[in-house]
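**Student:** So the sequence lines, in the order shown, correspond to chains E and G. In terms of this note's numbering, the first sequence opens at residue 1 and continues consecutively. In terms of this note's numbering, the second sequence opens at residue 1 and continues consecutively.
Mixed in with the good hints, there may be bad ones.
[Said to hold, decoys possible] Calculated pairs, BS3-like style, for lysine-lysine (alpha carbon to alpha carbon, straight line, at most 25 Å):
#, chain 1, residue 1, chain 2, residue 2
1, E, LYS194, G, LYS87
2, E, LYS538, E, LYS335
3, E, LYS95, G, LYS93
I should point out that these hints are in silico values taken from the structure, not numbers from a laboratory.
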Amino acid sequence: MNTNKISRRNFLKNTSIAAGGLFVSVVIPASPLVEKGIIEAKASDTSLNAFIHIADNGDTTIYCGRCEMGQGISTALPAAVADEMEADWQRVKVKQGDADEKYGPQGTGGSASIRIMYQPMREAGAKAKAMLIAAAAKVWKTSPENCIAQSHFVINQLNQQKLGYGELASIAANMPIPEQVTLKNKSEFNYIGKNLPRHDQSEVVVGKRIYGVDVKIPNLKYAAIIHCPVLGGKLKSLDKSEALKRKGVLAVVEIPRFDVPFGSIGGVAVVATNTWIAQQAAKQLKIAWDLGKNANYDTQEYKKQLVNNVEHAGVVTAERGNIKQAFNEAKHIVKATYTGGHLSHAPIEPNASVVWVQPHRCEVWASTQSPVDIQNVLGQYLKRDPKEIIVHVAMAGGAFGRKYKCDYVHEAAVISEKTGFPIQLIWSREEDMRTGYYHSINAQHIEASMDEQGNVTGWLHRAAFPSISTLFNPSLVRPTARNLDDINNHLFGIENFRCESGEAKAHTRIGWYRAVYAIFYGFAFGTFADELAHKANKDTFTFLNQIFDNNHNLQQQSDVQRAKKVLATVAESSAWFDRDKLPQGQGIGLAVHYSFQSFVAMAVHVEVKGDDIRVLNVDCAIDCGQVLNTDGATAQMEGAVVMGMSLALSTEITFREGAVVNSNFHNYPVLRINAMPNVNVHIVHSDFSPTGLGEPGVAPFAPALSNAVYAASKKRYRDLPFKPLAV
Amino acid sequence: MSQSIVINGKTYPIDVDEDMPLLWFLRDHLALTGTKYGCGSGLCGACTVHVNGQAVRSCVTPIKTLRNQKITTIEGLSNNGDHPLQKAWLENKVPQCGYCQAGQIMNAASLLAENPMPSDDEIETAMQGNICRCGTYQRIKKAISDAAITLKKEA
Ligand code: FES
Ligand code: FES
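So here's chain E without its partners, still in its complex pose (with noise of 0.2 Å):
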């Protein structure tokens, strides 16, 4: 992993006095796109800061910057900062703050976000505590060192005198800013680590959430989109005289392709008086397409390119150590090939923004995980300053990566733009499944060598996917060297070891999907290491644990320990030492992974009856170092379960002559409840510092499956997904 290298010097660059209260803002490090190198780093991105608002009467506001979509980041981060400001948490509302690099690095990926704003989150904190005290003891006319700071109150110590957050507001927003702080202990915390709830729950079980595809603004008109099935292609011919003749309709608009990362990929849309009336029109476009350079694209055939490229050799990546040397010397040879197709995130809140362009302002409310990019490509678009244009972030009804990517806001303002009318676009499912931006398609060849013992001496891992970094260049025809890095950097750290990229052009565009490129590294080396053990005769823990020992990479000592601990503790926790008891047709399988700087293993416990698998039990472990908050930790390892599942037995795009098949949730099987299993969560506490949790959970659930079907019935998958539908 090469993601730890950012600068954590975040200090407090202004405070400013808002009507009657004080405002705190901080410097933040780098946004998690650069870090990955997803994108290339800007002078602007370093720039950054947060806010603490309070008023008069004690009521405060904490601005989240990071963006909401269930993941509960606005509740996590929010309440860090009240606890090193001694704030009390019922006085404490929370607001999303709109696109402004006020608030730091905003766009939400990559499991960053408390990686790279709980310290400056809780310096802000701390410095608005040290503020307050200030203005206190200003007051009282004694020394800070007197004074304490408690539940929204400053006490001074020595006569037990107490004024309100709310009456120190204004005198310290006039206190100098303090240089330094000094954090709280762990064991002074009253929120972070705890089981606190989500500030918008009670919103909404009663139905009154906003998300982005609910807000309303005056005199708005909605419209439906059909867009180019294919990647490249364009309009041909429109008849849109069945559609205009229906009532409610208002105009008809055409999109074409803009041709940027987060550009609309071209269509057609109509505009009306409501949505359902929008969407009726829409079909009743008389519509032909030119489809352009990719229209044969066949997954079915694609995937048999890729096997066969990663089946051959490919183009050197990195190399260690001597691997034909290893290959000569073993005693077993051990070779395998997996694969995983296309995977649309399917957020069960469509794409959806409400977008109006006027002369000299635009204004988007939106569903994203990336508003400073929705201002880069309107500013392109309409070729006015981004930082004019106004995004107000709206809730995401889940999001996965998916609202990363908002050529639906782009859509929604050429609508707006050629209509006059303030436009809200919700794409349709059938839209949203069939072009979108989609998980990799991919590849992966291993050959590994064990000697006698069983010890791993050579390892040669070949991967071939259509990757990320072809929505930014498109020319690029293999994954990158970068985009290889967690294999090279994987913690079984094999001594002998030479990586290689197949070749894989894109046909569609790619795009991070939850747990990015961890899914299939995940998959093939927690598969592969189980098919390792049992030609070594060896079960798979003790067989993972002698890997991690055989590390003797200087720098991974420590994560191979925490590897090991969440692995010990799934194996414990399981009945994985108690395998040889279970009734025939049951088995546990294991994997452990790291990924965005998190440690997450996974026992799961099937039962499997002929073709039927059926997961009983999941013990999941996870060590992200110093945890927020425990029930937000507990469910995104749930949800990662759900997600994992969902792609380990049965999502997948297909595409045939150029377009999706996939149109809804009948052919896009995602998990339903009946197929739940039993999830336990357990929380490895460690004091280093957090590491995000959005995604490492969902990389181990494959593997472990697999493992498990193989360990009940000696069935072995390695394709993505085990069961996939005939569309």
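Based on the hints, put chain G with the ligands in the right spot on chain E.
**Tutor:** Below, chain G with the ligands without anything else, positioned relative to chain E:
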């Protein structure tokens, strides 16, 4: 011929194309946005409301079939968000993104009205039509069982 529909106890005239599914009448004409669009084809359950106490998918229910019927949406399930299911949902911290949850709660309410003490299997069967992409199923099951127990105590 003025037709009307009763939603959460209020009577509204039906002044739209009567083929329109209830979902869009609620969302785009009455701005009752608690009922969600997820698939438009009866496949996900996000749009679940009650018609005379029975769970139906509002995305595939044309408004013409609902003349003079009593509709309840999530906004009208209880007066103060205090339906035992809503309380159990909070108690169990069920929602992640929350987008599916109005549909889940409405479907569960209809289940409990018919079957006050559902078994785990019965819960799974009844709730199968409601997708939660965030994966909150384990908590949904628990919350429904908890609410069933509360209702029994109250009865
Ligand atoms: S929106 Fe009605 S069932 Fe999905
Ligand atoms: S909570 Fe997000 S879809 Fe259910």
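**Student:** State for each hint whether it applies.
**Tutor:** Hints, one by one, checked against the model:
{"no.": "1", "hint": "E/LYS194 to G/LYS87", "verdict": "holds (21 Å)"}
{"no.": "2", "hint": "E/LYS538 to E/LYS335", "verdict": "holds (18 Å)"}
{"no.": "3", "hint": "E/LYS95 to G/LYS93", "verdict": "holds (20 Å)"}
The structure meets every hint from the earlier list without exception.
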